[in-house]
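Colleague: In order, the protein sequences belong to chains S and G.
For the first sequence, the numbering used here assigns the number 23 to the initial residue and increments by one for each residue that follows.
For the second sequence, the numbering used here assigns the number 8 to the initial residue and increments by one for each residue that follows.
Just so you know, the hints here were simulated from the structure itself, not pulled from any lab data.
Computed from a predicted model, the values in this text were never measured in an experiment.
Every residue, glycine too, gets a C-beta built ideally from N, C-alpha and C.
Each hint should be verified, as a subset may be incorrect.
Unchecked claim - In silico lysine to aspartate or glutamate, EDC-like type, Cα no more than 20 Å apart, as pairs:
id, chain 1, residue 1, chain 2, residue 2
1, G, Lys88, S, Glu232
2, S, Lys247, G, Asp121
3, S, Lys247, G, Asp142
4, G, Lys167, S, Glu103
5, G, Lys181, G, Asp142
Claimed, not checked - Non-contacting residues of chain S with respect to chain G, defined by C-beta distances greater than 12 Å in every case (computed):
id, residue
6, Leu48
7, Val64
8, Met66
9, Phe93
10, Tyr111
11, Ile112
12, Pro158
13, Pro179
14, Thr199
15, Leu230
16, Glu232
17, Phe235
18, Ala239
19, Ile250
20, Val252
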Amino acid sequence: MAGLPSSTSAKEKPSAGVFDGIAIRLLAPSWLMIGFFLLVPVAMMLVYSFLTKEFRGGVIWEPSLAAYDQFIFDRGLFGDEPPVIEWTYITIFARSIWQAALATVLCLIIGFPTAYFIATRPANTRGVWLFLITIPYWVNLLIRTVSMKFLIRDTGPLNQFLISTGLIDSPIHIVNTNFAVQLGLFYSYLPFMVLPIYAAVERYNFALSEAAFDLYASRWTTLRKILIPVVKPGIIAGCILVFIPSLGAFLAPDLLGGAKTFMIGSLIEEQFKGSAGNWPFGAAASMILLSMVLVVLLFYARQQTRSINGAR
Amino acid sequence: MANTSALEVRNAVKVYGVKPNDVIALNDVSISVENNEFFTLLGPSGCGKTTLLRMIAGFETITQGSIRLFGENIENLPANKRPVNTVFQQYALFPHMTVLQNAAFGLTMLGKSDKEANSVAGRMLEMVQLGGFADRKPGQLSGGQQQRVALARALAPSPKLLLLDEPLSALDLKLRHSMRVELKQIQEEMGITFIFVTHDQEEALTMSDRMAVMSNGELQQIGTGKEIYEQPGNRFVADFIGETNLLSATVESVKGSHATCVIGNNTRLECVVSDAIEAGSSAHISIRPERISLAKSTVSSAGQDTLTGVVSRYVYLGTDTQCKLLLDDGTKINCRVQNAHGSTTDLAVGERASIHIDQGAARLLVN
Ligand SMILES: Nc1ncnc2c1ncn2[C@@H]1O[C@H](COP(=O)(O)OP(=O)(O)OP(=O)(O)O)[C@@H](O)[C@H]1O
Ligand SMILES: [Mg+2]
Numbered sequence: 023m024a025g026l027p028s029s030t031s032a033k034e035k036p037s038a039g040v041f042d043g044i045a046i047r048l049l050a051p052s053w054l055m056i057g058f059f060l061l062v063p064v065a066m067m068l069v070y071s072f073l074t075k076e077f078r079g080g081v082i083w084e085p086s087l088a089a090y091d092q093f094i095f096d097r098g099l100f101g102d103e104p105p106v107i108e109w110t111y112i113t114i115f116a117r118s119i120w121q122a123a124l125a126t127v128l129c130l131i132i133g134f135p136t137a138y139f140i141a142t143r144p145a146n147t148r149g150v151w152l153f154l155i156t157i158p159y160w161v162n163l164l165i166r167t168v169s170m171k172f173l174i175r176d177t178g179p180l181n182q183f184l185i186s187t188g189l190i191d192s193p194i195h196i197v198n199t200n201f202a203v204q205l206g207l208f209y210s211y212l213p214f215m216v217l218p219i220y221a222a223v224e225r226y227n228f229a230l231s232e233a234a235f236d237l238y239a240s241r242w243t244t245l246r247k248i249l250i251p252v253v254k255p256g257i258i259a260g261c262i263l264v265f266i267p268s269l270g271a272f273l274a275p276d277l278l279g280g281a282k283t284f285m286i287g288s289l290i291e292e293q294f295k296g297s298a299g300n301w302p303f304g305a306a307a308s309m310i311l312l313s314m315v316l317v318v319l320l321f322y323a324r325q326q327t328r329s330i331n332g333a334r
Numbered sequence: 008m009a010n011t012s013a014l015e016v017r018n019a020v021k022v023y024g025v026k027p028n029d030v031i032a033l034n035d036v037s038i039s040v041e042n043n044e045f046f047t048l049l050g051p052s053g054c055g056k057t058t059l060l061r062m063i064a065g066f067e068t069i070t071q072g073s074i075r076l077f078g079e080n081i082e083n084l085p086a087n088k089r090p091v092n093t094v095f096q097q098y099a100l101f102p103h104m105t106v107l108q109n110a111a112f113g114l115t116m117l118g119k120s121d122k123e124a125n126s127v128a129g130r131m132l133e134m135v136q137l138g139g140f141a142d143r144k145p146g147q148l149s150g151g152q153q154q155r156v157a158l159a160r161a162l163a164p165s166p167k168l169l170l171l172d173e174p175l176s177a178l179d180l181k182l183r184h185s186m187r188v189e190l191k192q193i194q195e196e197m198g199i200t201f202i203f204v205t206h207d208q209e210e211a212l213t214m215s216d217r218m219a220v221m222s223n224g225e226l227q228q229i230g231t232g233k234e235i236y237e238q239p240g241n242r243f244v245a246d247f248i249g250e251t252n253l254l255s256a257t258v259e260s261v262k263g264s265h266a267t268c269v270i271g272n273n274t275r276l277e278c279v280v281s282d283a284i285e286a287g288s289s290a291h292i293s294i295r296p297e298r299i300s301l302a303k304s305t306v307s308s309a310g311q312d313t314l315t316g317v318v319s320r321y322v323y324l325g326t327d328t329q330c331k332l333l334l335d336d337g338t339k340i341n342c343r344v345q346n347a348h349g350s351t352t353d354l355a356v357g358e359r360a361s362i363h364i365d366q367g368a369a370r371l372l373v374n
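So here's chain S without its partners, still in its complex pose (with noise of 0.2 Å):
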C-alpha cells in the first residue's frame, strides 16, 4: 500500500529523561519505608532461621540448621534416631495451599460476576457499588471473624433461623470446619478479588463484545473468548492477592477452624507467642512460606510482561 510504512514504529517507552533524577529523590522516602520496614525484618527472619533456639523463647547466636532440619525430618524424641520424613508440618503447609486455592477459587466464582455487575452499570453508580464493598474494610478484621463466628455458631442467628423457619431441626455445626474457614477467608478477601477485576472489565472495550457477537460467536464463547482472554491480567492479580494472604491467614483457621484446619499462619504465630515457641524454627516455617510465595509472584510477573509484550 503506498504511503503505508510496512514496519510499524517500535513502542517505545519514553524516557523521563531530565526527571529521572527527581524521581529518584521523590522515590527516597518510599524506598526507606521499605527498606527499614519491610527488608530488615526479612533479613532477620532469615538470619533467626538459621540460629539456634532459646528455650523461653527467642535465639541463642549460634548457627545451625536444626529448624530447616526439624521442619522436614524426625529423628525421634533426643535426635538421635535415623531420620524420617516428618509429615506434620509439609502438611499443613499441603493443606493451608489448599485451603488457600480453594478460597482463590470462590472468591473468583463470587468475585467475577460481581465485578463484572459493577463495571457494567451507569458510570456515576459505580462508585456507590465500589463503597459498600469496602464498608466491612472499615472494621478490623479480627472483630468481623469474631462475629461471623458469633453468626454461624450453633446457637447463633443463622441456625435459629433456619430452625424456626422449619428447614432443619438440629443446629448444623458448621464452626469448627473446613467450610467456616473458607467462609472465613473468602469473606475476609473478596474485596481483593472484586478490585482489581473491577479494574479491568472497566477498562474492557464492549464493542469487542459486539465484534464477536457480530462474528456469529454465542454470549457464552464471548465471555470465554474474548472478555475473560482480555481482562486475564486482572483476574491473576485478583487471585494472587487473595491466595498470598489466605496461605498466610491465621485469623480465620484459629477462630473459625479447628486443629483439622491448622495452617501455616497459625504455626508460625505458635511459634513466637509465649515461652513455647521456638523462634529459629517459626523463622524458617516463615522463609519456606516466603519462598512458596515469591514462586507465585514471579509466575505472575511472568504473564505480566507477556501481556504487555503481546496483547496491548
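Once you have looked at the hints, place chain G with the ligands on chain S.
Modeller: What follows is chain G with the ligands alone, placed relative to chain S:
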C-alpha cells in the same frame, strides 16, 4: 430473488429511553438497498446514522418497523444469527489474538475447520495487503493496518451485507483518500453490498452508488450523488451537500416545472421546481455558487436572470476564484468561478459586477 432488494428497512422508528426522557433517534425511516450496491448514510453528527446501522446489525432493537434482508425479516434475529458483519469505527480488534486469528474468528464461529478458516482469512489478509502480518498482534500495527484487519475480519465470512461505521475517520487525510479507492475496489471485486456511514460528504460522493441524507432522525433524500447535489429535495440537503446560496423568495407564477419568483427588491428569477407549490406562497431558492458567472458591469441591467451588485470579497483559490457579491437589492450572493476557462474577469473589491445564473441552476425548494 431477482427483484428483492438486499436490504429493505421499512418505517423504522427507534426510541431510546422511557417516556419523559425518551429520545427519538429514528423517525419513520425507510431505505431500500440493492444487491451489490455501495450505499451511504450521510448526515450531521447525532442524526441517527449509527443507530440505523446498529439496528441493521442487530445491536439495537427496532421500536417500530421492519428490516428485511433479501426478503427475509431479520428484525427479531440476534446479531450472531444475522448474515451481516460490521467494521467498527474503533476497529474493535481482539487484542489477545494474532491478526490471522482475528480474521479467522467469524469463520471459526460458523463451525468451519481451523484449516479452512485460516486459509480464507489468509486470502482476505492478502487482499487487504497484510499478507505478511498474520502473526502480529493488533497492538503491533499502525492505525491504517488495523483498519484493514478489521475489514478482512468482517469480510472473511462472506456476509450478505457489510456495515461500516465511519471506518476511515480515525485515519490521516492521505490514508483516508487512498482507502476510499481501495474500499470501493474491494466492494466491487467481492460483490458484497456495503452500507457505509459517514458525515463526510466528499467521502460519500467519491464512493457511493447511492446515498441517503439524514437529519434529526429523519430521512431527507435518497439518490445518487449527482441527483442529490444537483436536485436537492429540500433546504437541509442543499445546504448540507456542498455550498449553496439560499435565497428567500415569493412565488409569482408556476408553469409546469418552472416557476417565476421574486427575490429581494422585486428582482424576478426563473426557477426549476419539482414539488407542488402555489403562486403567492413563500419558499427558498438554491443556487450553487459554481453555476453563477460574473461579468464586469457597466450598466445596471434589469433583464431577467441578470443581477448586479458590488463585489465585497474576491479570493483567488488556485483552481477557482471565490467571489462574494452584495446585490443592489441587498441579497448576498456567493459564487465560484473556474480559473481554467481563462474567461475570468479580474475584479476588485468595490467594483460593480453583474451575475448570470445558468439555465436550470436556480431551484425552488418548498421545504
Ligand atoms: N444508547 C442511547 N441512549 C439514548 N440516546 C441515544 C443512545 N444512542 C444514541 N442516542 C441518541 O440518538 C441520536 C442519534 O445518535 P447516533 O449515534 O445514531 O448518531 P450519529 O448520526 O451516528 O452521530 P455521529 O455522527 O456523531 O456518530 C442522538 O441524539 C443520540 O444522542
Ligand atoms: Mg455515529
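Colleague: Hints first: check each against the structure and report whether it holds.
Modeller: Results for each hint:
With a C-alpha separation of about 13 Å, the suggested pairing of lysine 88 of chain G with glutamate 232 of chain S holds against the 20 Å cut-off. For the suggested pair lysine 247 of chain S and aspartate 121 of chain G, the alpha carbons sit about 15 Å apart, so the restraint of at most 20 Å is met. Annotation: proposed proximity of lysine 247 of chain S to aspartate 142 of chain G holds, straight-line Cα distance about 18 Å (limit 20 Å). Under the criterion of a C-alpha separation no larger than 20 Å, the hint pairing lysine 167 of chain G with glutamate 103 of chain S is inconsistent with the structure, at around 82 Å.
Taking the CA atoms of lysine 181 of chain G and aspartate 142 of chain G, the gap is about 27 Å. The hint is violated against a cut of 20 Å. Consistency note on leucine 48 of chain S: stated as away from chain G, and its beta-carbon is indeed over 12 Å from all of that chain's, at 31 Å minimum. For valine 64 of chain S, the shortest C-beta to C-beta distance to chain G comes to about 36 Å, beyond the 12 Å cut-off, and the non-interface label holds. Interface exclusion of methionine 66 of chain S from chain G stands, the closest Cβ pair being 43 Å apart, more than 12 Å.
Once the 12 Å rule is applied to beta carbons, phenylalanine 93 of chain S is consistent with being away from chain G; the minimum gap is 42 Å. Residue placement check: tyrosine 111 of chain S keeps its beta carbon more than 12 Å from all beta carbons of chain G (closest about 41 Å). Under the 12 Å C-beta cut-off, the non-interface status given to isoleucine 112 of chain S relative to chain G holds; the minimum distance is some 38 Å. Against the 12 Å criterion, proline 158 of chain S stays outside the reach of chain G, whose nearest CB is about 34 Å from its own CB.
At roughly 41 Å, the least C-beta separation between proline 179 of chain S and chain G is larger than 12 Å, which holds for a residue marked as non-interface. Listed as a non-interface residue, threonine 199 of chain S keeps its Cβ farther than 12 Å from every Cβ of chain G; the least gap is roughly 40 Å. Not every beta carbon of chain G lies more than 12 Å from that of leucine 230 of chain S, the smallest distance being close to 5 Å; the non-interface claim is violated. Chain G draws glutamate 232 of chain S into its interface by the beta-carbon criterion, the shortest separation being 6 Å against a cut-off of 12 Å.
With 12 Å as the threshold on Cβ separation, the claim that phenylalanine 235 of chain S sits away from chain G is violated: the shortest Cβ distance comes to roughly 5 Å. A cut-off of 12 Å between C-beta atoms contradicts the statement that alanine 239 of chain S is not in contact with chain G; the least separation is 5 Å. Non-interface call for isoleucine 250 of chain S relative to chain G: violated, since the shortest CB-CB distance, roughly 10 Å, does not exceed 12 Å. A cut-off of 12 Å between C-beta atoms contradicts the statement that valine 252 of chain S is not in contact with chain G; the least separation is 6 Å.
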